[in-house]
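Protein chains: 2
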Amino acid sequence: MTYSQLVAFIKEQQSFLCVGLDPDITKLPKHLQGEKDAVWQFNKAIIDATAPYCVAYKPNTAFYEALGIQGWTVLFETISYIKKSYPKHFIIADAKRGDIGNTSSMYAQAFFNQMGADAITVAPYMGSDSVKPFLEFKDKFTIVLGLTSNKGADDFQLQGSPNLYSKVLEQVSLWGTKENLMFVAGATQAVMLKEIRKIIPSHFLLVPGVGAQGGSLQEVARYGMTADVGLLVNASRSILYAHNGNNFFKAAAAEAQKLQSEMALLIKA
Amino acid sequence: MTYSQLVAFIKEQQSFLCVGLDPDITKLPKHLQGEKDAVWQFNKAIIDATAPYCVAYKPNTAFYEALGIQGWTVLFETISYIKKSYPKHFIIADAKRGDIGNTSSMYAQAFFNQMGADAITVAPYMGSDSVKPFLEFKDKFTIVLGLTSNKGADDFQLQGSPNLYSKVLEQVSLWGTKENLMFVAGATQAVMLKEIRKIIPSHFLLVPGVGAQGGSLQEVARYGMTADVGLLVNASRSILYAHNGNNFFKAAAAEAQKLQSEMALLIKA
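So the sequence lines, in the order shown, correspond to chains Z and W. Counting in this note's numbering, the first sequence runs from 143 upward without gaps. Counting in this note's numbering, the second sequence runs from 143 upward without gaps.
Everything labelled a hint here was simulated from the structure, so no lab data went into it. It cannot be assumed that every hint is accurate.
No copy is singled out in the list; a pair is fine if it fits within one copy or between any two copies.
Claimed, not checked - Subject to a maximum C-alpha distance of 20 Å in a straight line, what follows is the list of computed DMTMM-like cross-link-like pairs (lysine to aspartate or glutamate):
id	residue 1	residue 2
1	K309	D296
2	K293	E312
3	K169	D296
4	K410	E361
5	K153	E219
6	K274	E154
7	K309	E278
8	K226	D281
9	K172	E321
10	K274	D296
11	K186	E278
12	K293	E278
13	K225	D296
14	K178	D281
15	K225	D281
16	K280	E361
17	K392	D166
18	K400	D296
19	K336	D296
20	K309	D281
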């Protein structure tokens with residue numbers, strides 16, 4: 143998917159919602175627990191229910207890897223289903239990979255070619271040759287960790303002067319363009335999006351931390367939105383586990399729709 | 143595996159060699175190329191040939207993920223084979239994972255419980271809650287990236303004063319002990335192991351970069367060795383692709399034996 147296709151779809155949907163597909167088997171609706179293909183059934187129902195309200199899906203690989211080989215199979219099935227049924231939706235493999243050059247090339251092949259994701263999240267610690275192999279794929283996006291939404295962001299990202307995450311944004315933004323590069327910027331520290339936008343005024347930001355992690359959508363839009371919207375705001379647990387019963391998917395749709403309505407107002411404003 | 147079991151095995155084998163199992167299908171011996179289970183055949187032959195000379199195996203997940211679902215299956219088969227046939231060998235999943243707390247817990251389950259690895263490599267960028275869930279598993283090791291062996295290490299790890307990698311070693315070493323925590327320290331900058339040992343005098347170091355990446359074994363031992371050896375030196379390409387013909391495994395064994403002989407002298411000295 144290209145940058146302009148993504149922006150056009152955001153305007154068409156009046157949404158910049160990304161639904162995180164993080165199926166925790168201990169939290170699945172009761173009637174699915176114990177079913178052989180519970181995770182796949184859950185994902186399919188969530189996708190079908192939320193597709194009208196979101197523009198992106200973000201499966202986090204950890205939740206699939208925790209299920210062993212079967213989990214990896216469900217991850218492939220899930221991505222394949224989205225591509226077939228909702229081809230305009232942007233698919234982010236939230237994998238947080240990154241290794242020496244020849245190894246990052248292998249990860250890029252895995253997620254872009256084998257799996258067919260549009261984007262992958264990448265950790266910056268190992269520097270340029272760990273990031274650049276991902277950027278070489280046409281019409282694919284590399285989403286580099288900038289400022290994350292967790293408590294541990296304090297340990298290294300916010301240390302130093304200028305702090306590490308600013309240095310990461312400055313340096314990494316030189317390696318790509320808004321056409322192939324995005325950054326993760328956590329919503330729990332939304333006011334910091336103002337500082338982030340001084341460094342990277344036009345790249346898309348993938349913003350986790352709205353919902354279960356406590357961030358505010360209004361603040362994210364206020365400090366982070368660009369003329370092209372420039373935001374993908376992720377919600378996972380607040381949508382996936384909105385209800386525990388047979389109609390979990392209806393509760394998930396309602397939650398996604400609520401966020402989409404807020405987003406439509408923010409896009410108009 | 144416990145710390146003392148690992149140290150005892152190193153002394154028994156007179157080796158601190160780790161063989162990196164990074165099967166690049168474009169580099170496999172010609173007679174295996176095109177075979178349905180080429181990677182599995184290759185891994186099994188390499189493992190059987192090198193087991194007398196090494197103490198650890200380190201499959202890098204990228205090379206398996208690049209092969210799609212089948213690759214993930216081969217990774218499981220490979221680890222299962224090592225555990226069954228060579229139960230004293232230490233198994234490192236070189237996965238470079240790391241995410242917010244609940245997600246890192248999923249990765250820990252994936253690699254320690256589902257896959258049965260003894261250790262996993264973890265990236266430190268996201269801080270404490272991304273690392274600590276791995277440390278909670280008994281008799282397992284978390285190997286955190288300190289100073290890596292690639293060119294990109296200059297971009298962030300070596301920046302700042304004190305530089306980032308020193309801060310990572312100082313901070314992360316407070317979260318665990320030598321009984322559950324190790325660090326990656328690249329051999330291409332062996333003299334820096336002297337500085338690293340000032341910060342972490344007793345943790346094991348996983349040292350990539352000997353062989354294809356150009357590091358020297360003597361220098362690594364000189365600056366990095368502890369009373370318990372405290373080193374796992376990895377070689378991948380120089381062993382795996384020592385020869386391209388039918389007897390590739392004999393060439394791999396010879397290369398591993400050569401390193402083991404050097405290591406035996408260094409352990410004695």
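Exercise. At most 20 Å between C-alpha atoms: does K186 with E278 qualify within a copy, between copies, both, or neither?
Worked result: For K186 and E278, neither the intra-copy (31 Å) nor the inter-copy (33 Å) Cα distance is at most 20 Å.
Problem set entry | Intra- versus inter-copy proximity for D296 and K274 (alpha-carbon distance at most 20 Å) | Between copies, since 15 Å is at most 20 Å while 26 Å is not.
For this session: Up to 20 Å between alpha-carbons, please classify K169 paired with D296: within, between, both or neither.
Result: Neither: 29 Å inside a chain and 42 Å across chains, both beyond 20 Å.
For this session: Evaluate K293 and E312 at a C-alpha cut-off of 20 Å and name the case that applies: within, between, both or neither.
Result: between (23 Å within a copy, 18 Å between copies)
Exercise. What label fits K309 with E278 when the C-alpha limit is 20 Å: within, between, both, or neither?
Worked result: neither (22 Å within a copy, 32 Å between copies)
Problem set entry | Intra- versus inter-copy proximity for D296 and K400 (alpha-carbon distance at most 20 Å) | neither (31 Å within a copy, 45 Å between copies)
For this session: Classify it for me, K178 with D281: is the Cα-Cα distance of at most 20 Å met within a copy, between copies, both or neither?
Result: neither (36 Å within a copy, 31 Å between copies)
Exercise. Which holds for K225 with D296 at a C-alpha limit of 20 Å: within a copy, between copies, both or neither?
Worked result: neither (37 Å within a copy, 39 Å between copies)
For this session: Indicate which option fits the pair K226, D281 if close means a Cα-Cα distance not exceeding 20 Å: within, between, both or neither.
Result: Cα proximity of K226 and D281: one copy only (18 Å, versus 44 Å across).
Problem set entry | Status of E154 relative to K274 across identical chains (alpha carbons, at most 20 Å) | Neither way: K274 and E154 sit 32 Å apart in one copy and 42 Å across, limit 20 Å.
Exercise. Given a CA cutoff of 20 Å, do K293 and E278 count as a within-copy pair, a between-copy pair, both, or neither?
Worked result: between (32 Å within a copy, 18 Å between copies)
For this session: Since the copies are identical, ignore which copy is meant and state whether K410 and E361 lie within 20 Å (CA to CA) inside a copy, between copies, both or neither.
Result: The answer is within: 16 Å in one copy meets 20 Å, while 62 Å across copies does not.
The structure fails hints 3, 5, 6, 7, 9, 11, 13, 14, 16, 18, 20 (numbered hints given earlier, in ascending order).
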